[in-house]
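Undergrad: What follows is the residue order along each chain.
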Amino acid sequence: MSDKSIKFYGPNVESNKKNLQYIHDVMCLSLGVGAGVLSLESLYGFLFYIVGMTLTNVGFIIVCCEGKPKEFYRNPLQQIFLDGLQGNIAGFVMMWCLVYALVK
Amino acid sequence: MIDDLFLDPQLKYWVLLPISIVMVIVGLVRSNITGLLAPDPKLDNYKLSREKHFLKRATSFKIGNSVLTTEEFQSRQEYYVNTLKTTEYFANKNIANEEAANPLTDPTANEALMNMAKGNIMNYIPQTVIMAWVNYFFAGFVIMKLPFPITDSFKTMLQAGVVTPNLNTRYVSSISWYFINFLGLKPVYSLIMNDSTAVNELLQAQSQQQMPNLGAPGGPKVDKVFFAESENIQILNHDSIFDGIVDRIVESESTTKSSA
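Top line first, the protein sequences correspond to chains A and B.
Note that UniProt numbering numbers the first sequence so that position 41 is 41, with each residue one more than the last.
Note that UniProt numbering numbers the second sequence so that position 244 is 244, with each residue one more than the last.
Chain A extracted, bound-state conformation:
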């Protein structure tokens, strides 16, 4: 089947999104805890987040999408990488601040 003729079924698209969102939620909180425990400061913390999130996404694509994200997401690059990064940064910052304050 060529790319153009793939039909998307709404509920499946939603469920894929939900699974991805769950992984992003868990990862942004745990990366926040990690950054706090390591007492990373300023730019290093954000780099840690970006690198950690990208590794997670790569892992997600390899393990969960079996290396073929095009079959599960309409726009894999944007949906998995960009949305995951910018949508969860607030959660990461919150956890980072909290654990940093607790550890210090």
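Hints in this document: simulated from the structure, not taken from any laboratory.
There's no promise every hint is true.
Stated by the list, open to error - Here are some, though not all, of the chain A residues that point toward chain B, as calculated from beta-carbon distances under 7 Å: (1) LEU29; (2) TYR44; (3) GLY45; (4) ALA90; (5) VAL93.
Stated by the list, open to error - Beta-carbon label-pair distances, calculated as ranges: (6) A/LEU102 to B/GLY161: 34 to 42 Å; (7) A/VAL37 to B/ILE21: 15 to 23 Å; (8) B/ASP152 to A/ASP83: 30 to 38 Å.
Since we're looking at a predicted model, the values are computed, not measured.
Virtual Cβ for every residue (Gly too), placed ideally from N, Cα, C.
Put chain B on the given structure of chain A with help from the hints.
TA: Structure of chain B alone, referenced to chain A:
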């Protein structure tokens, strides 16, 4: 600038954690109360619900027509285009000469407004109350050091109530911890509630419905909606999944054979 400050470790347990816990609990309670306050769905007049369902049928056809063959598609397309243009499924046949009712005098409209107001109040009151509580209870505390530097222009906001003019901006007061929580609790809610739709409702309760609510005050007129839908269906680009299905199956079979 004062560079280092020794913060009492007790602040963590008696200020930082309580604020987070209270915010999480209030968010959960609020989402449950919103569910309870939601008005019971009222029974529609059968003609009205028939009208809505016909529109839904036409929309489903518009979305899912690729599973039909070309002949099936054409007969259905013709049917929908013609029927949507007649008044057959209208709840109120003489809709054209009906004046728009004044939404302030119409009792049903009043009820809808009331429900909307209830939803909005449930959104704003808890936030305001928590903010006032944090402001009143933990006023003037320097509770934490942020892990990242921010410019001095945030000083007035993040160090509100702290009377130390030369303090480094990285030391912030309790209200800024409230703000960080306010922005960052979404993943926590969605993990606890295990249902991202509820979370999205919680976070943006003012989002609009998908279907145009026919017959509601201020809603679009039914004839306009039906006419627009019929035009949409008329220009529909049919792309059947049965087109070239033999070729595709032969192709996929031959590739699996050759790769095996």
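Undergrad: If a hint holds in the structure, say so; if it doesn't, say that too.
TA: Going down the list of hints, with the structure as the test:
1. At a threshold of 7 Å, the smallest CB-CB gap from A/LEU29 to chain B is about 6 Å, leaving the interface hint in force.
2. A distance limit of 7 Å between C-beta atoms decides the matter here; for A/TYR44 the minimum to chain B is near 9 Å, and the interface restraint is violated.
3. Here the hint on A/GLY45 is kept, as its CB sits about 6 Å from the closest CB of chain B, short of 7 Å.
4. For A/ALA90, the interface hint holds, the least distance from its beta-carbon to any beta-carbon of chain B being 4 Å, beneath 7 Å.
5. Interface hint status for A/VAL93: upheld, as the beta-carbon distance to the closest one in chain B is roughly 6 Å, under 7 Å.
6. Taking 34 to 42 Å as the suggested C-beta distance range, the pair A/LEU102 and B/GLY161 does not conform, at roughly 23 Å.
7. As the Cβ distance of A/VAL37 to B/ILE21 is approximately 21 Å, the hint placing it in 15 to 23 Å holds.
8. With their beta carbons about 33 Å apart, B/ASP152 and A/ASP83 fall inside the hinted range of 30 to 38 Å.
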